[in-house]
Each structure stands twice: as C-alpha cells, then as structure tokens.
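Engineer: So the chains spell out like this:
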Amino acid sequence: MIVLNLHKTLQSAQGTMSLQLEMTVQKGQFVTLFGESGAGKTSTLRMLSGLMDPDKGYITVNGTTWFDKDRKINLRPRQRHIGYVFQDYALFPNMTVRQNLEFALDKNQPRTIVDDLIGTVELRELQHRKPDTLSGGQKQRVALARALVRQPEILLLDEPLSALDSAMRQKLQQYILEVHRKYELTTILISHDVGEILKLSDRVYEIQHGRILRQGSPETLFGLGQSSAKFRFTGEVTGIRKAGVVYIVTIRIGNDLVKVIADPSEAEFLQTGDKVAVASKAFNPVIRKI
Amino acid sequence: MEWGPLILTLKLAAVTTVILFFLAIPLAYWLSRTTSRIKPVIEALVSMPLVLPPTVLGFYMLLAFSPNNSFGSWLDEWLGIRLVFSFAGLVLASVLYSLPFMVHPVQSGLSSLPRSLSEAAYVLGKSRRTTLRKVLLPNIRPSLLTGIVLTFAHTIGEFGVVLMIGGNISGKTKVASIAIYDEVETLNYGAANMYSLILLGLSFVTLLIVYLVNGRYLKRFSR
Amino acid sequence: MNSFAGHITDIRSSDGLSVITVKVNAVRFKAVVIDSPETASWLVTDNPVQVQFKETEVVLATGENPAVSLQNRVKGRISAIEKGELLSRVVMRTDIGNIVSIISTDAAEQLALQENTEVTAMIKLNEVILAP
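Residue numbers (UniProt numbering), protein chains in the order written: chain A, 1 to 290; chain B, 1 to 223; chain C, 1 to 132.
Worth flagging that the hints you see were computed from the coordinates, not collected in a lab. Note that the coordinates shown come from a computational prediction; the quantities given were computed from them, not determined experimentally. Careful: at least some of the hints might be erroneous.
What the hints assert, rightly or not - Subject to a maximum C-alpha distance of 27 Å in a straight line, what follows is the list of computed DSSO-like cross-link-like pairs (lysine-lysine):
1) C:124 with A:259
2) B:134 with A:107
3) C:83 with A:242
4) A:130 with B:134
5) A:56 with A:72
All chains, full assembly: derive it from the sequences and hints.
Structural biologist: Written out as structure tokens, the structure is:
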C-alpha cells in the first residue's frame, strides 16, 4: 500500500503552483493520474521515486517510510526500488537493448530475469541493437522491460504511449497489462487517453492545479460505465457531416471507422478530434459468423 | 635544431592532458549539476586563462613558488618540491593554463545530455559515480575527445606562462615554442623554421583528427 | 438523445435479464437490460435513474390508443417540425418535457403531421437505456 501526502511549490511556465496531494494506492492496483499538462502529475511521480523532494509531507510504502519531512527521512531514488518508465524512454544510447537491461541488474542478481523480460516484451531479435536504431514502440518496450529488471513492486509510467500511433498503443497497453498482472505490480500511470484509462486502470485521480479534483473508478469518472448500455466503446471523432435534419458523425474506434447518426442537439457540441463514448443497447447489433 | 625541446613539449602536453582529464571530469560534472551560488565564481575562475595574458599567470606563480618567499620555501624545505624553473612547475602552470580547454567541452557535453538519462540510472539503483562512469561519460565521447585534443594542442602552443615559470633551461624547461624564440633571437632562422613547421604540422594533424572523428560521431547519431 | 429523470418502481429479473419499470412524473417507462440487481448495484426500487433513448427510436402515432405492441407511450403535441428531403425532425411537448423524434418525411406527410397535431410517442422497451 502506498500512502502519499505531498506538499510542494512548483515553478512552471504559468507561474508558481502549490501542489497538495493526498492519496492511498492499494497493493496491486492500477491507478491513473489524469489531468491537464502542468497539473503536477509528473512531479507526483518524481517525488514518489525520490527524484524530487517534497517541501512537506510523507510517503510510506508497505509500512516503510520513504520520506518524512518532520522525521528527516528521505530515501535516495536507488534505495526506493521502483520501476520508472520515462516519457522520453531515457534509454542509454551507448548500450545495446540487452546491455540496457543488464545495466539495471543488482549485484548478485541472477541474469535469467533479463532473458525472461526480453521474451515477455518480444525483443529477442532486437536485443543486440542500439536504441537509436529502434522505432518508438520498440524503445518503449525496452524501457518497460528495463524498469522491471530489479523486480520492483511499484511501476511508474509517465505518459508512456503518448508518442505512438494507435495500433502500437493498443499492443503496448496489452504488454503493460500483462506485466502488471504477471509481476503483481502496483502501477501508477499518467495518461490523457480516456480509452486507455478505461482499458487499464482500476482507479483514476483527476488532478488539476496540483489538487485532486475527482477520484473514482474510470467508469464512474468518465460517466459512461454506469449505464445499462452494454455495447459501448470509446473513440475519436474524425468527421461530422450534416445530412438533412440529422448529422452523420464518423468515429474512429481502435482501427475501425464507424458512422453514427446524431441529433443536432448533440452534434453541435462535437468537433473533430473529440474523444467520445459510443454506446448502444446490446439489443441492436446483429451477429453473423464470418 | 635539436629534438630535445620537441620531446619535452610532447611530454609536457601528454602529462598535462592526463592530469587535466582526471581533474576536469569531476569539476565539469559538478558545474553541470550544481545550483550553488558560487558556481559563477568557479566558472569565471576556470575561464580566466582564456582572457588573461599568460604572463600574468606566470608572474604570480613565479612569485608564489619562488623559494625566496614563505610558501615557496615551505614547499622546498618540507616537501622538497621546487616549482620554479622545473618540469613540475611547468606541468602545474600548464594544467592551470589549459583548464578551460578541458572543462568547457566536458561540461557542455554533460549539460547537453537529457536529465532523464541519469535519473533513469538512479532509479535503477545506481550510484552517482557508476552513473557518471557507465552512462554519462560514454555518451559524451566526442566532447571528451575534443577536450583531450584541445588541451594537448593548447599546451603545445604555450609560451608566455612557460617562459615565466620555467625559464629557458635546456633539456629541463626549454620547450619547442621557446626554442623558436631562442633561434630567432640568434638570427638562426633555419632552425626556427624547422621547429615552427613541426609545431604547425602537429597542431594541424591533431585538430584534423578531432574534426574527422567527431564528424563520424555526428553522422552516426544523425542516422 | 432524449433523457428524463425518474425513479425505479419495479424490477423483474430472470436469467440475467431484467425488465425495469421507471416512473417519470406520471409516465411509466419499461426497459429491458442485460443486468440484474446482482450485477448492477444501482438497480434498486425507488433509486433515481435516467431514462434515455435515441431520437431515431421514437415511433409517432396519431389517434387514440393504436393497437401496437409498444408499451412505452407518451402523449404530447407537436411544437416544431423540420422537414428534410428524407427525414424529418419532430419536437413534441409532453408532460415530462420535450421529446424529439426523427422519422421519415414520407411518414410525416402520410400522418399529416404539423404543429399542434396531437401525437403519441412510443419507444420499444429494448431501446430504452437506463443510467443512474
């Protein structure tokens, strides 16, 4: 269980912001921090991992105090035993994929974990390549595998998939979910993608200006799970066209484009690029074997 | 022309470069990380040799290390080190004089690396020292090479500071640049020309190596 | 989407399906859902719930009590009608608020729909979405 109580004055492009967060993450949970950029999400991960010192507050993990301003306790990042996947991957350019993973090994740690992880994220063919010859998705897999070498109990993911196309995203979401379960991790993710959050997380914290605005299950927070409509997806609006008295809205769901008829009262709030939930009663779709 | 001054020059440049390499890395690392208020002061001091006439540095070192004053005589009596008119003195002077040529490239190389690189190493359980040695330095090889070659070449080209602190003792402190001055003074233009040509060639070749090798690095990284 | 706030008055479940009765003012809506009180905690009698259905699922009828299988019926009067080439958008005022219906223009003309025509809106129970 992770208990955070963080106070920090942050300097940003918009001026100073005071971050005040209190949250408790249960062991084994998959938690997402959601909110605008500059809201303090990355700073929260940095403070949890010891890369940034809070001004006040405490951090306890499974009963051990990692940070306590009043008791002057502050473990160094390397003592905290955390897996951290950076937004820019932070792979070491001078090392091959395999060396990047091996570098992370602790003294006397058996090397079998490296092979195991290379297998899990399917990097065997690429293991002797240098990072600058890899694609974004491949780098992401290396970063994920490297973060898991020391078998941490906590995995922090700072917008790991933001730079990838949607097909690659889906695949990597699968890897993340797989390692989360396989290694029984407590995972904290930063994400802006509602579809991704719905797919991955158990709990969402919406953070705004350094405070928790709302928290809850992704379904309640994004207001579409608590409905009897069973046939539901999230997608992105790619086009809106008026057709007589109604509108035809084209929505990309995963790799598929679907068209949905919308009343003017709904269509006027939509624009291309909007993330939307698409739902229907489960009684409408027909099923045919192909 | 004698080979002595040339060999002495190369020896001085090599020793200076090796000492500076190990001295400049921690200094440059500190400068690239610190948020301390005295950072500008240290940076100014490191850069002083760039703007100061070498004779100024030489003059004060001469005063400081002269056995006629307290610090110099203390060194002489207690440690048996005489820094004036000796090779050790030349090395010390050269180290100070070439300091910015090693510190600047290494510092800018370290500063140009993304912060997440060292942070990734820390959260992977590595110490600062291991991170510097295994992650940071290997990724600034072009900067290290630039520092090494510039220091080497710059030490070869020293004159004023060497003359002040080392004097002109044949076989001991008479380096090539001073030998040239000597030969010209005695109107022996032929020998001066030889020394000069060799220094010219040496400097050109070392600089050429830097640009060739760094060019190759750049190509590799931009691929 | 047409959306009205009501509360649950009856729940009948069988084999994971439930027919829920929701009262919105004086109007009763029935909805069939793939949920039961065991799978959806909000399915409790007297709980507030939103009744939602898409405009295109609203059937319009004129005349008193037409004999059709649709049980969800709301009486009202047309307050606006916008005719397109193929489809028409009908807004009707009812006791529970405005209901929008999208029907074919042919049908609208056949029924001679115009402002102030009295109509009954009907929605099949499998088209009604409930949201807590």
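Engineer: All hints are to be evaluated individually against the structure, with a verdict given for each.
Structural biologist: Here is how each hint holds up against the structure:
1. Pair hint residue 124 of chain C plus residue 259 of chain A holds up; C-alpha atoms about 23 Å apart against a cutoff of 27 Å.
2. In summary, the hint linking residue 134 of chain B to residue 107 of chain A is supported, as the alpha carbons are separated by about 15 Å, within the 27 Å threshold.
3. Distance restraint check for residue 83 of chain C and residue 242 of chain A: the Cα-Cα separation of roughly 14 Å lies within the 27 Å cut-off, and the hinted pair is therefore satisfied.
4. In summary, the hint linking residue 130 of chain A to residue 134 of chain B is supported, as the alpha carbons are separated by about 15 Å, within the 27 Å threshold.
5. Simply put, residue 56 of chain A and residue 72 of chain A have alpha-carbon atoms about 10 Å apart, close enough for the 27 Å limit, and the pair holds.
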